[in-house]
Amino acid sequence: MAHQSELIEKDILAYLKSQEEKSLLRFITCGSVDDGKSTLIGRLLWDSKMVFEDQLAALEADSKKVGTQGGAIDYALLLDGLQAEREQGITIDVAYRFFSTDKRKFIVADTPGHEQYTRNMVTGASTAQVAVILVDARKGLLTQTRRHSYLTSLVGIRHVVLAINKMDLIGYDEQRFQSILRDYEQFAAPLGFASITAIPISALNGDNIIEKSADTAWYSGPTLMEYLETVQIETENREKPFRLPVQWVNRPHLDFRGFCGTIASGVIRPGDELQVASSGRASRVERIVTMNGDLTEAVAGQAITLTLSDEIDISRGDLLTTPETPPLYTRHPEAHLVWLHDEALQPGQIYLVKTATAVTPGRVTGVQYVVDVNTLEQKQAPTLGLNEIGVASLELDRPVSFDTYRQNRDTGSFILIDRFTNATVAAGMVIAASPSGTGEQAFRPELELNGLQPRIVMLDGAAISGQGVSVVELSQDTGLFEFEMSDSFFEYLGKGNRILFRLRDVAQLEAVARLAYDRELSFEFDRTAEGISILLFKRLISGGGGTSRDEGTGI
Amino acid sequence: MSQHVTHLQQLEAESIHIIREVVAEFGNPVMLYSIGKDSAVMLHLARKAFYPAPPPFPLLHVDTTWKFREMIQFRDRMAAECGFDLIVHVNEEGGDRGVSPFTHGSALYTDVMKTEGLKQALDRYKFDAAFGGARRDEEKSRAKERIFSFRSAHHRWDPKNQRPELWNLYNTRIKPGESIRVFPLSNWTELDIWQYIHLENIPIVPLYYAAVRPVVERDGMLIMVDDDRLELLPDEEVQYKSVRFRTLGCYPLTGAVESEANTLPQIIQEMLLTRTSERQGRLIDHDQAGSMEKKKQEGYF
Ligand SMILES: Nc1nc2c(ncn2[C@@H]2O[C@H](COP(=O)(O)OP(=O)(O)O)[C@@H](O)[C@H]2O)c(=O)[nH]1
Ligand SMILES: [Mg+2]
Chain A
6 MAHQSELIEK DILAYLKSQE EKSLLRFITC GSVDDGKSTL IGRLLWDSKM VFEDQLAALE
66 ADSKKVGTQG GAIDYALLLD GLQAEREQGI TIDVAYRFFS TDKRKFIVAD TPGHEQYTRN
126 MVTGASTAQV AVILVDARKG LLTQTRRHSY LTSLVGIRHV VLAINKMDLI GYDEQRFQSI
186 LRDYEQFAAP LGFASITAIP ISALNGDNII EKSADTAWYS GPTLMEYLET VQIETENREK
246 PFRLPVQWVN RPHLDFRGFC GTIASGVIRP GDELQVASSG RASRVERIVT MNGDLTEAVA
306 GQAITLTLSD EIDISRGDLL TTPETPPLYT RHPEAHLVWL HDEALQPGQI YLVKTATAVT
366 PGRVTGVQYV VDVNTLEQKQ APTLGLNEIG VASLELDRPV SFDTYRQNRD TGSFILIDRF
426 TNATVAAGMV IAASPSGTGE QAFRPELELN GLQPRIVMLD GAAISGQGVS VVELSQDTGL
486 FEFEMSDSFF EYLGKGNRIL FRLRDVAQLE AVARLAYDRE LSFEFDRTAE GISILLFKRL
546 ISGGGGTSRD EGTGI
Chain B
102 MSQHVTHLQQ LEAESIHIIR EVVAEFGNPV MLYSIGKDSA VMLHLARKAF YPAPPPFPLL
162 HVDTTWKFRE MIQFRDRMAA ECGFDLIVHV NEEGGDRGVS PFTHGSALYT DVMKTEGLKQ
222 ALDRYKFDAA FGGARRDEEK SRAKERIFSF RSAHHRWDPK NQRPELWNLY NTRIKPGESI
282 RVFPLSNWTE LDIWQYIHLE NIPIVPLYYA AVRPVVERDG MLIMVDDDRL ELLPDEEVQY
342 KSVRFRTLGC YPLTGAVESE ANTLPQIIQE MLLTRTSERQ GRLIDHDQAG SMEKKKQEGY
402 F
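One line per chain: the protein sequences are A and B, in this order. Under the numbering used here, the first residue of the first sequence is numbered 6, with each subsequent residue one higher. Under the numbering used here, the first residue of the second sequence is numbered 102, with each subsequent residue one higher.
Worth double-checking, as some hints may not be accurate.
[Claimed, not checked] Not everything, but these chain A residues come out facing chain B in the computed CB check (under 7 Å): (1) Ile17; (2) Leu18; (3) Glu26; (4) Tyr101; (5) Ile112; (6) Ser131; (7) Gln134; (8) Gln252; (9) Trp253; (10) Asn255; (11) Pro257; (12) Cys265; (13) Met296; (14) Ala308; (15) Thr312; (16) Arg507.
[What the hints assert, rightly or not] With a straight-line Cα cutoff of 30 Å, these simulated DSSO-like cross-link-like pairs (lysine-lysine) come out: (17) A/Lys144 - A/Lys217; (18) A/Lys245 - A/Lys384; (19) B/Lys220 - B/Lys276; (20) A/Lys144 - A/Lys27; (21) A/Lys22 - B/Lys220; (22) A/Lys217 - A/Lys108; (23) B/Lys149 - A/Lys108; (24) B/Lys227 - B/Lys149; (25) B/Lys220 - B/Lys261; (26) B/Lys149 - A/Lys27; (27) A/Lys15 - B/Lys342; (28) A/Lys500 - A/Lys384; (29) A/Lys217 - A/Lys27; (30) A/Lys245 - B/Lys149; (31) B/Lys276 - A/Lys543; (32) A/Lys144 - A/Lys22; (33) A/Lys108 - A/Lys15; (34) A/Lys384 - A/Lys144.
If you are wondering where the hints come from, they were derived from the structure by calculation, not from laboratory data. Model, not experiment: these values are computed from the prediction. Glycine is no exception: its CB is placed at the ideal position from the N, C-alpha and C atoms.
Isolated chain B (complex conformation) (with noise of 0.2 Å):
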């Protein structure tokens, strides 16, 4: 190594270096892992940061009951092989209120089956510590947020009120009932995910890969009908397609992209040569301007 560090070396040092701060300075800290290419970075990172200790913290998955089907195959695979303890958590009362991406329009469903699904879990586990697979690049107000961000007892983020974050030396100090959500891949970008999962020959979701898919297109997004709870509306058909996914979440509300790509290197020349951001995909951001930021304060990731 008489050569430079390359750029994906010092990420990769850094995320590693938050991962162990975090496992020496917390009592019961999660990871929670949403199964995309960001939480399988996130999880192949803390994997490296322990071995051959196998990570020592749960993973989290809130489950919203809307995920791809082959998300979950894919959750329960990585989980056993890597030897993580996961722990699945539903908000049964929003299951038990019927709330549905269709039912309750997306930012209802998204507040009772992600925000108030991730809170009960924490509270419920009193976990001190979480680790979230955001970056910074992602959307504006995430530019802003502290490595280690400080919550209040209630999972309140307050963006005026956020502790300096100085050298690699981070507060973690909090009283009981607070915790601290914490970002080890901050400072990667979507490139340099890619090229790390690249690199490293880290296992994604299939779904990332081009595939002939069924589909319909609603509201100007192609909707893969991954199970029977996905009604057509009268003018819709059914069409099967080769798509991807640049991001994935609950599939009524995550667009695919017409492709071919079916290899990683083609993935990401066409992330390189594409003209939209990753987020496009995601039926939640376009809500409102700022609407990030106004779920962010009420404790969504």
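Here chain A stands alone, though its shape is the one from the complex (with noise of 0.2 Å):
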């Protein structure tokens, strides 16, 4: 391995020494299909001389058999992990790498090329500080490029490599380099990164990756592993207000109370003033405890556990914070969304929110709009499909504390989980909360009371919103409802459009499931924090993918 081998041999306790201080940096690989992603980090662990010698053997065992170098060894044999991939020659998921030198550790992940693979982008980006994005000389910016690069600046990473391969199919050309670099810089501007470093590199030969290469005379940067190992990754997570999602209460015997989690920004020390997020509640760090010791001050980063002065109500899905600078607090946060699942977003359907502190029943509201990923340009749309980026509404059962993504990584994120099959669906990043009560236009029929007799409820053009799911709003009503609908209305669900009732009690479901069976209708129903929420809709007959929700409808 690529370590002081001299130092390894003559003192290795000086060097274990010398090895406590090395940080960890996470970064991901990304750009388009036959880039040299593959390449170039085999190359990495290689250079490093994180690959031994029987793992060497099989290698040129399998660059034989299946590599696509003529015999020769091909380094992306070593990341090519699954053997369907091998077969299909393709990276089909998130790989993680790990090899390190005398600087650093480093855990990369190789993320996949193609254009359906973009909730693997999104994972590997998720935990990453730094993105090497590939790009073929010869071929220069593409559609892939674009679209890895927004989603690296959605997800929160400030710096990118820029890295431009195969050089020496260009003759390593500086014209070609500077051209890419400037188209590049062009279309990255809105984008916000901290740091666009451009580096010339040919993965196959090793120009640039760990030496400076002798053919690009013309280039004076860092070669790649210089820049991995010096980049310099923010710690001003330890500058933001202090946040501890609290995980799990440890409560040995009755004279212990410790609040378990990890700190998501900040540093806290005893006797520090913290505040419970949902309660307001305040009290005052007593200790830090953990086998080793209690601790004098904790920071950003640490999983630690809290036991404060005072006996206050503190569970899992709580918020300890500053008391200076109090999170958002909202039933309804604005967010990215990334859908993840081939099934699309239904608007209305209650979905699991989970996120640093809680799991939460939620729906989605409305989308906003939709991100196209090549122009950056907004577009409306009423759902998200498999891949697609937008900005949503939500509305949660019950307050959630927040921090907005670009604030905290760890406190603006959640996924989304469907109920029924349990499929991660979503990600999401918090961009604000909506003010109450704006995220959606509900329609309120002014209702007479009359007697015990059930009032109509007309739906027609009135009950259609213009954005988003339409919501029928009479939790606030007592009593007997019957409703008619328009032959216009019965239309627009026909096309897939569906609509939420809120009712008050169980005894006016009645109403909405006769109006389902009249018309042939579907419904799902939820029972929520105010009362019951009833999704109606018309089930497309041949739609694929149906099936799943099946299990959910009807009482």
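Since each chain sits alone in its own frame, please combine them into the complex, following the hints.
Here is the structure:
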């Protein structure tokens, strides 16, 4: 391994000491298919001597059998692990690889370039601090390069390496390199990266990977490894307001009550004042307890156990914060959603929203716009399909503590889980709390009290919302209803639109059931904190993927 | 702590976070304890995660009955010292049929005694989450596995249909009968493990340290004669050599390396200067390319 071999041989204790201070850098590689991602990472592993002799023997054998280099060593095979993708010769999922130098340990996510695998890229990028975006020098920027750059910025990565690869195939041409860089800087300007570092490389030959290449005398910047070893990753998480999502309450006996969690941002010391975001109750830190003794200070990234000086009510799901800068506490977050699943977003349907602090049922009440990842233009759309990215309004069953994703990647992110299939269907990044109530335009029929007679609610054009799911708000009304539906409204449902009823009590359900019966519609039922919600829709008979929805239909 | 959080501190924090998340979200978790160095680190992290309470889940050892004797002694001692409940499960059916690495070959033996045994134990105790000490750097198919790795009611892993895993938000939802395998050490490398053992003074099985031990040479490996069940072939003879093990498993399937390293720093030194990966000492990985991936789909850890 490329460690200080001499020191290892002569003074292993000194060597071990020197390794204790190493930092950790997580990065992703992305780019289009065949730009050379796998070859590049294989090369980094190879050159940092993380490949052992027995692995080398296997690599040589594999290169002959399935390699793309005519029997010569194919570094990509070090990465392409799963058998299926060896057969197809493509990378089909995120692979994590590890290597280290004397300065840093690296975790690299190899993310696939296929269009349908955007979700893997988002997965790999979500924990990364740096993105290495590969470009084939012969092809320049492609649609995929743009998509991946946008995703990189969306998930909050601030530092980008533009690795212009296959320089060997264009005779190490400086003009071409500069022109790709210019194109890129222009495209990426609105993405707001803190730094873009372009490096001319050949992953295959190792040019400017570890050593400076003799063929790019015109290039004076760092090699890729020099860059990765020295890039300053923000320690700013520590300067942000204190946030501790409570993961677990540790109560071994009556005299000990510890609050466990990983510090999302900030610094904490015994004596500091803390506040529970949901209740506003405050207390002070008594001890920071660890098996190796109490700490006098703990910082962002550490998994800790705190005890407080007062007995206040705190449980899993609470967010402990500094009282000076409280987080958002809202039922109506607005967020970027990246849709990760084949089955499209169903506005109005209940999903489980998992945040750093809690799992809360909630729904997407509307998609404000979808982003065209090639042009960054916004367009209107009723829903989000696989790999689509949009801005959406959510409504949660109860308020949850958030920061905006820009402020804090840990307390500003969430995932959506399908309640029936348990699939992870979307990744969310909070933009803001929408001013309560304006997140949707609900239809509130004016109903006169009319003795014990059911009142008639007319569903026609007036009940159709211009945006997102149509909501009929009846949760403030007592008594019984009858619904009448205009033909145009029925047609509206026939096009796949859905209507969400909010009711106060279960007796009111019958009217919706009767409507569904008369018009051959289907519905989904949910009990919520405020009452009942029912999503009424026309089942599209031939539509695939509808079967899993059956499980939750009706009462 | 005005300095940066080091890589080992970050790895430790990530693992503790994962372990706590499982305990918070699952009804009946278990920690698979294989007695090796990775298990030693995992156990240590579990203790740290819940200190001053003991970890709120039992340890499960799937015993093939062919482990090194020193491993078994060490197992019992650690469980007692750390206050864990220890469940030892043996696939009795395999035992009754006399399945051994000698009579049935390493592939079938591993399938019956390890994979089947594990599934039996998970079914019997209805564990809904099981911690394993596997690392992504060990083997190529592991590099793509999630930290929370979903298993069907038949314990199958579907590599093409894994749940995307973002930030440190883990989807822990399962239906009855399904389970999750959880790998808190996913992002650790062999070197990280050793450095951490060194830094935290974590006890490990003495077999990792060099000592003079009885071995025979078989299939190019040094196999330790740990008990009289190892029958010598005609041209084999027991030699006494200073050896140690880089990885621990069933003694007839685990090759020793000749070594004089009998302190932790010496072990690390040797590891850093050597040029073969640790899994080389394991017979089961050599069967065929993709063999580990196949085993994992079938339910092997
Ligand atoms: N000439 C040349 N070929 C390269 C270079 N990098 C990658 N390749 C080849 O491009 C093809 C695709 O590489 P691969 O690493 O699999 O790309 P991926 O799809 O991005 O992972 C393979 O045949 C590589 O050998 C390079 O720098 N120069
Ligand atoms: Mg590839």
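Verification of the hints:
About 4 Å separates the beta-carbon of isoleucine 17 of chain A from the nearest beta-carbon of chain B, less than 7 Å, and the hint is met. The criterion of a C-beta within 7 Å of any C-beta in chain B is met by leucine 18 of chain A, whose closest approach is roughly 6 Å, and the hint holds. The criterion of a C-beta within 7 Å of any C-beta in chain B is met by glutamate 26 of chain A, whose closest approach is roughly 6 Å, and the hint holds. For tyrosine 101 of chain A, the interface hint holds, the least distance from its beta-carbon to any beta-carbon of chain B being 5 Å, beneath 7 Å.
For isoleucine 112 of chain A, the suggested interface contact is upheld, since its CB lies about 6 Å from the closest CB of chain B, less than 7 Å. The beta carbon of serine 131 of chain A comes within 4 Å of a beta carbon in chain B, closer than 7 Å, and the hint placing it at the interface holds. For the restraint placing glutamine 134 of chain A at the interface with chain B, the shortest Cβ-Cβ distance is roughly 12 Å, beyond the 7 Å limit, so the hint is violated. Interface restraint check: glutamine 252 of chain A against chain B, minimum CB-CB distance 5 Å, threshold 7 Å, status holds.
Against a cut-off of 7 Å between C-beta atoms, the interface hint on tryptophan 253 of chain A holds, since the closest Cβ of chain B lies about 5 Å away. Residue-level restraint check for asparagine 255 of chain A holds (minimum Cβ-Cβ distance to chain B is 6 Å; threshold 7 Å). Interface restraint check: proline 257 of chain A against chain B, minimum CB-CB distance 4 Å, threshold 7 Å, status holds. Taking 7 Å as the C-beta cut-off, the interface hint given for cysteine 265 of chain A holds, the closest approach to chain B being about 6 Å.
Contact between methionine 296 of chain A and chain B, as hinted, is supported at the beta carbon level, the nearest pair being about 4 Å apart and thus within 7 Å. Annotation: alanine 308 of chain A was flagged as interfacial toward chain B, and the flag holds, the nearest CB pair being 4 Å apart, inside 7 Å. Taking 7 Å as the C-beta cut-off, the interface hint given for threonine 312 of chain A is violated, the closest approach to chain B being about 10 Å. Because the beta carbon of arginine 507 of chain A sits about 26 Å from the nearest beta carbon in chain B, more than 7 Å, this interface hint is broken.
Restraint check: the Cα-Cα separation between lysine 144 of chain A and lysine 217 of chain A comes to about 24 Å, which is no more than 30 Å; the hinted pair holds. A distance of roughly 34 Å separates the Cα atoms of lysine 245 of chain A and lysine 384 of chain A; the hinted pair therefore is violated under the 30 Å criterion. Pair hint lysine 220 of chain B plus lysine 276 of chain B holds up; C-alpha atoms about 17 Å apart against a cutoff of 30 Å. Restraint check: the Cα-Cα separation between lysine 144 of chain A and lysine 27 of chain A comes to about 38 Å, which exceeds 30 Å; the hinted pair is violated.
For the proposed pair lysine 22 of chain A and lysine 220 of chain B, the alpha carbon gap of about 42 Å is over 30 Å, so the pair is violated. For the proposed pair lysine 217 of chain A and lysine 108 of chain A, the alpha carbon gap of about 19 Å is at most 30 Å, so the pair holds. Taking the CA atoms of lysine 149 of chain B and lysine 108 of chain A, the gap is near 27 Å; set against the 30 Å cutoff, the hint holds. The straight-line distance between the Cα atoms of lysine 227 of chain B and lysine 149 of chain B is roughly 26 Å, inside the 30 Å bound, and the hint therefore holds.
Note on lysine 220 of chain B and lysine 261 of chain B: the hinted pairing holds, with a Cα-Cα distance of about 22 Å set against a maximum of 30 Å. With a C-alpha separation of about 22 Å, the suggested pair lysine 149 of chain B and lysine 27 of chain A falls inside the 30 Å cut-off, and the hint holds. Between lysine 15 of chain A and lysine 342 of chain B, the direct Cα distance comes to roughly 25 Å. Compliance with the 30 Å bound is thereby established for this hinted pair. For the hint pairing lysine 500 of chain A with lysine 384 of chain A, the CA-to-CA distance comes to about 20 Å; that is within 30 Å, so the pair holds.
Straight-line distance between C-alpha atoms of lysine 217 of chain A and lysine 27 of chain A comes to about 24 Å, which keeps the hinted pair within the 30 Å bound. Restraint check: the Cα-Cα separation between lysine 245 of chain A and lysine 149 of chain B comes to about 26 Å, which is no more than 30 Å; the hinted pair holds. Of the supplied pair hints, the one linking lysine 276 of chain B and lysine 543 of chain A holds, its CA atoms being roughly 28 Å apart against a limit of 30 Å. Our distance criterion of 30 Å between C-alpha atoms is broken by lysine 144 of chain A and lysine 22 of chain A, whose separation comes to about 47 Å.
Simply put, lysine 108 of chain A and lysine 15 of chain A have alpha-carbon atoms about 20 Å apart, close enough for the 30 Å limit, and the pair holds. For the hint linking lysine 384 of chain A to lysine 144 of chain A, the alpha-carbon distance of about 29 Å falls within 30 Å, and the restraint holds.
Hint violations for this structure: numbers 7, 15, 16, 18, 20, 21, 32, all remaining hints satisfied.
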